[in-house]
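Engineer: Each chain, letter by letter, is given below.
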Amino acid sequence: MASQAQETFQIPDHVPPELVMNVGITESPEFLADPYAFFKKLSLEYPPIFYSVGSHGGSWHLLKHADAFRMLRDAEYFSNEGGTPFPRDPADPFKFIPIEIDPPDHRKYRAILDPVFSPQGIQTLENTIRKLANDLIDEVIDKGECEFTTAYGRPLPVSIFLDLMGLPQDMRDTFVDWAVGLLHSTTREGMATAFTQIVAYIKQAIAEKTANPDDKVISRIVQGQIDGRPMSEKESFGFVLFLFIAGLDTVFATMNNMWLWLAENPARRKEIISRSNDMNAITEEMLRMWAVTFSGRSLRKDLELRGVKMKAGDKVMSVLPSCNYDAEVFADPLTVDFDRTRKPILSFAGGVHSCMGAHLARLEIRIGLEEWLKRIPDFAVKPGTKIEYRPGGVVGPEYLPLVW
Amino acid sequence: MPQVTYIEHDGAQQAIDVPEGENVMRGALYNGVEGIVGECGGGLACATCHCYVDEAWVDRLEAPSEAELQMLESAASEVKPNSRLSCQIVMNETLDGLVVDLPERQY
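Line by line, the protein sequences give chains C and V.
Throughout the first sequence, residue numbering follows numbering that gives the first Met the number 0, covering 0 to 403 in sequence.
Throughout the second sequence, residue numbering follows numbering that gives the first Met the number 0, covering 0 to 106 in sequence.
I should point out that these hints are in silico values taken from the structure, not numbers from a laboratory.
Computed from a predicted model, the values in this text were never measured in an experiment.
By construction, the Cβ of each residue, glycine as well, lies at the ideal position given by its N, Cα and C atoms.
Not one of these hints is a red herring.
Computed footprint of chain V on chain C; a stretch qualifies when at least three of its residues, placed anywhere within it, have a C-beta under 8 Å from a C-beta of chain V: (1) 66-76; (2) 107-114; (3) 118-129; (4) 342-349; (5) 356-366.
If we strip away everything but chain C, and leave its shape as in the complex, we get (with noise of 0.2 Å):
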């Protein structure tokens, strides 16, 4: 797969031939065995800085936290232009807001839903969370076996997505159909149709929040004002399918590998049982743990980084999960540590692009968690499956049949 990469995209003259290391990520069959034994990896034994080509392109890996840090915030030199690699029509081309949109701008678009997803907003949602997680519950738990994936991972966060963004709660299961289509469907026919199908759902979901609108994250936008100009409908198009795209598929994969682990680990499940004081601690040492993404930008200016000269249009892609394992950051840091002193940890990336939906992820996987652990405290993967991983740019497992 590698050598088959390199004919397809030429490795820049200024990076040195020993800081090429194809390593494949998120496709390479090494990786896919067990992606967080291949993070570890990486940390432990790999230059901090190295050049890498894989199916989307080359770009530089970085995976010391520090450097991480330096990329997200350091507008100056680290441009978020064309740093999501997303397939799109070059005949009818569109920004995801805001995650491509760089300061001063970019802050324009997170005002308008600040009031949704900040700390404070969220905080309303508790009790909605808690009662969709529980209706989840009841409709496996007298079955004594799911699949976790597809029963809990992913219609909880889809639910909450269609109560945020004011979208009927009847579109569950087809949400569910379209996000795993797009995103993780084995055929480029299959991600096309349901592309097709929900940029029709969304651009006449647009419509009709134009015509009606509520108090709710869809209508929030197209209301939306940037320099005191109204938001064009392109604009509008490219921040909803963003938020689709970006809600969805991060939080079920998060969900996925904690429950993988909870399976697997029966006294570290009785010991969070018994803490349920901490929940906020134990939320975020699993987050530390199990960040299921990475972060892409292009840079604006040469740059010499840890003796390492990258140049102006290179591209750079942080190995989130990777940096988050940094032992200079987090001592012992391959070790489930729920008392750890706080750190940034780089599941939710940093900086001014940092997720806006980090607050409403913690929520989310804490109760879900709670409400899980209340009523089906034991359970284990069920026999004779085999985990699986795919290629793709949020990292979980495939399918987690459970049983209790």
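Position chain V relative to chain C; hints supplied.
Structural biologist: For chain V alone, coordinates are given in the frame of chain C:
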């Protein structure tokens, strides 16, 4: 080195040396002060390093920027006239002895 006293919501106090040029959010983060989160690392994107500056010090700080005031509105705990985002308070010798109270919650 200038010193900052952080007072947690439960009253626990910690006096910490924070180097000149470093901000009050990071001074807390790197020294185990629980009451400050600092999610976005000082990017004015999260409102989780909210603090209340002791009245005696409010006027001795540079005034907050528009962006900080806007972000402060999103804080999880009550926003008061002496509320600041601690990532925007950069230490220098004249701030030696600064006292900040921390809110009940950051998110």
